[in-house]
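Chemist: Kindly generate the complete structure, drawing on both the sequences and the hints.
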Amino acid sequence: MKFRIYRYDPEKDAKPYLQDYDVQLDPHDRMLLDAIIRLKAFDDTLAFRRSCREGVCGSDAMNINGKNGLACITNLKELKEPVELRPLPGLPVIRDLIVDMSQFFKQLHSIKPYLINDTQPPEKERLQSQSDREELDGLYECILCACCSTACPSFWWNPDKFVGPAGLLAAYRFIADSRDLATNERLDNLEDPYRLFRCHTIMNCVDVCPKNLNPSRAINKIRQILVKRAV
Amino acid sequence: MARGSALTASSKLPVRRFDALVVGAGGAGMRASLQLAKAGLAVAVLSKVFPTRSHTVAAQGGIGAALGNMSEDNWLWHMYDTIKGSDWLGDQDAIEYMCRMAPEVVYELEHFGMPFDRNPDGTIYQRPFGGHSMNFGEKAVQRACASADRTGHSMLHTLYQQNVKAHTQFFVEWMALDLIRDSDGDVLGVSALEMETGQVMLLQAKTTVFATGGAGRIWAASTNAFINTGDGLGMAARAGVPLEDMEFWQFHPTGVAGAGVLITEGVRGEGGILLNADGERFMERYAPNLKDLASRDVVSRSMDQEIKEGRGCGPHKDYVFLKLDHLGPEVIMKRLPSIREIAIKFANVDPIKEPIPVVPTIHYQMGGIPTNVHGQVVAPKGGDPNVVINGFYAIGECGCVSVHGANRLGTNSLLDLLVFGRAAGDHIVEQRLHARAYKDLPANAADGALARLARLENATSGERVAEVSADLRKTMQAHCGVFRNQQLLSEGVSKVMELEQRVQRIAITDKSTTFNTARVEALEVDNLIETAKATVVSAEARRESRGAQARSDYPTRDDVNWLKHTLWHRDGNRLEFKPVNMKPLSVEAFPPKARTY
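Note that the protein sequences, when read in sequence, are chains A and B. Heads up: the first sequence is residues 0 to 230, going by numbering that gives the first Met the number 0. Heads up: the second sequence is residues 0 to 596, going by numbering that gives the first Met the number 0.
For the record, the hints were derived by calculation from the structure and aren't laboratory data. Beta carbons are placed, not taken as given, at the ideal position from N, Cα and C, and that holds for glycine. One should not assume that every hint holds.
[Stated by the list, open to error] Some but not every residue of chain B turned toward chain A, in silico, with C-beta under 10 Å:
(1) Lys47
(2) Thr51
(3) Pro102
(4) Phe111
(5) Gly121
(6) Gly151
(7) Thr157
(8) Gln160
(9) Val171
(10) Ala224
(11) Asn227
(12) Val260
(13) Leu261
(14) Lys344
Modeler: Next comes the structure, spelled out in structure tokens:
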């Protein structure tokens, strides 16, 4: 199978280039990650992240034939050759397919991604109704792979000011949690021409999310709550 | 500057100092670091991957705790089930501690924001799980606290969130290379490699906590992530710390055939059943009471037996079916959504309509670095088998406290992380580290690690990482499987020892200092080989069947000769043994008896 892969090692390359590979696959190779690992057995200089190989840890996000996704759950049969692999767009490249995710996590951390409830907890669990719990479905499952934020033009232009779809999904995850008592503080933190309102509903985030989550809907919900709060 | 510093001396390496250093940012590491950071200690957490990518994230089914939300339950029943599950090899003091603490650590996690599923009354939803019973084995009980089939993901993210709140300092994408011990035998920190820059550093600490996870990657068919390479075990072994009960490895009954990806026992908890080629629910024959919810070693052996006797499914009769379509789409979509995703992606079947092909697949390491109930690492010295090694703790899958004995019950691994993560954290806080001075680092602190790096740096030709590790995985799979015997194991020992020679000759092409993943993988093989040696040597020596160690040549449990823990020493590749602690903390002991489900 034919691949064309973005290569860049700052120690020896003046600039990035695309390298062509022809990989002899094994009949058991099912996913893109299997193929890249097979390739690395012959060229150990190719650098990429990977861990769980089942789409739950979020390590192996990359740009696959122009679209962000996870290599471990991308079936080889779905891919047009040569398969072009590039690092996630919009973030600084450390080496080959490995990007520097600092800015992504900085934005995540800016929304206080943890439950805030300073009341004395009961001896047992805090009760939560089944319908309140259902509000968290589609939000808590995020794996922080960054496919969404690095597919978002608003994040490309303003990575330091716009929280980005992953961070906003996390913000709404806590706003929507019946146990969280910091909704107003969270909304204040987002009510800003950039942090929330740079989202132009381009919906790339929804299109690429490997967990089929919908950051765009979460962003709209935050907007609605802000409008409600204003009147 | 020590950039790419493989050729510098230990004494020239930069040093950073902390009260406490936690190696590994999975469930155990982050539960411990949370206690430490909240207490105001200077704590650093080192991880090969970003914390939420640790393997805890892949746990699916639940956390065991006798909350009694679904029906009556009691921590004593949980304790009994755990001891029986362990085939009486678990230490009863540690098991009592874990089961008593279980409700408290689960409530705490809920208070941290964990999105547990809920019952109509708003309490945490609990599902049935293998080996968990009511009233000392009477019938199945719902004890597994669940967040759909993503419990590990929810738990790991919740713990990361709390650590962000507590301002824990993370060293992300750093690999610990070796323990630092001084001439007193005290542990003073680790040498470590920053992957992005290739820089080697000494991280000095008054206390070092290993929470490095398991080593499931020594097998070819494994549910484990690529990062599970036994780094903590390798480092401990090289530093002269013995490894306990390494012959006991859990085969999870339901890995996707061919792919190895885990399908939670929660599927059977929700009512899924195993079928052979005749469409027979064969577990009714092997475990008439708990059937498909017998403990994992029992179910895996039964499956293996069915396949061996020609009743496997598929063109090669080499797997069995896990049927769950009778649960209906609503239960599957609500309680087992990720399982459906996995089955569609990795087995080409939609479990709403068709059964999933599954085989017993390596999943969990019961043994590890020996510790007491505080998580302190212990080793034999002067006739006492449990002398504390100063400044050193091990928790989670890399440790052996031992609560899982010869076979772990499902849901007890996440529980183990929470209970002993917190216990170690609290115990370290009590040591008042603020007031304690740093001991001097020995001059040769990182000599071993630097020599390994230098060898990789200088080797121009030799064995490939991918080939040596693939051969190691094949050997372990062939010689240390579900059923073992003397001939297989003796050959296995020789082959693993030959592989150790090949590991010494590994060479890599990539010499860059920038994010050199080839170098990381080569260093991981140094840890894999220690784990494999410990495993196969211990398995060869134990001439009985107990829990996950099933010997076809010694088919029964032998409490007279073998009710004891194995300790493997790297030095001399030798074994010694120590007694099982049969004395609980406050209740009466559970003496060994026949184990049926």
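Chemist: All the hints need checking, so say for each whether the structure fits it.
Modeler: Evaluation of the provided hints:
{"no.": "1", "hint": "Lys47", "verdict": "holds (9 Å)"}
{"no.": "2", "hint": "Thr51", "verdict": "holds (6 Å)"}
{"no.": "3", "hint": "Pro102", "verdict": "holds (8 Å)"}
{"no.": "4", "hint": "Phe111", "verdict": "holds (6 Å)"}
{"no.": "5", "hint": "Gly121", "verdict": "holds (3 Å)"}
{"no.": "6", "hint": "Gly151", "verdict": "holds (8 Å)"}
{"no.": "7", "hint": "Thr157", "verdict": "holds (8 Å)"}
{"no.": "8", "hint": "Gln160", "verdict": "holds (4 Å)"}
{"no.": "9", "hint": "Val171", "verdict": "holds (9 Å)"}
{"no.": "10", "hint": "Ala224", "verdict": "holds (4 Å)"}
{"no.": "11", "hint": "Asn227", "verdict": "holds (9 Å)"}
{"no.": "12", "hint": "Val260", "verdict": "holds (5 Å)"}
{"no.": "13", "hint": "Leu261", "verdict": "holds (8 Å)"}
{"no.": "14", "hint": "Lys344", "verdict": "holds (6 Å)"}
In summary, the structure agrees with every hint in the numbered list given earlier.
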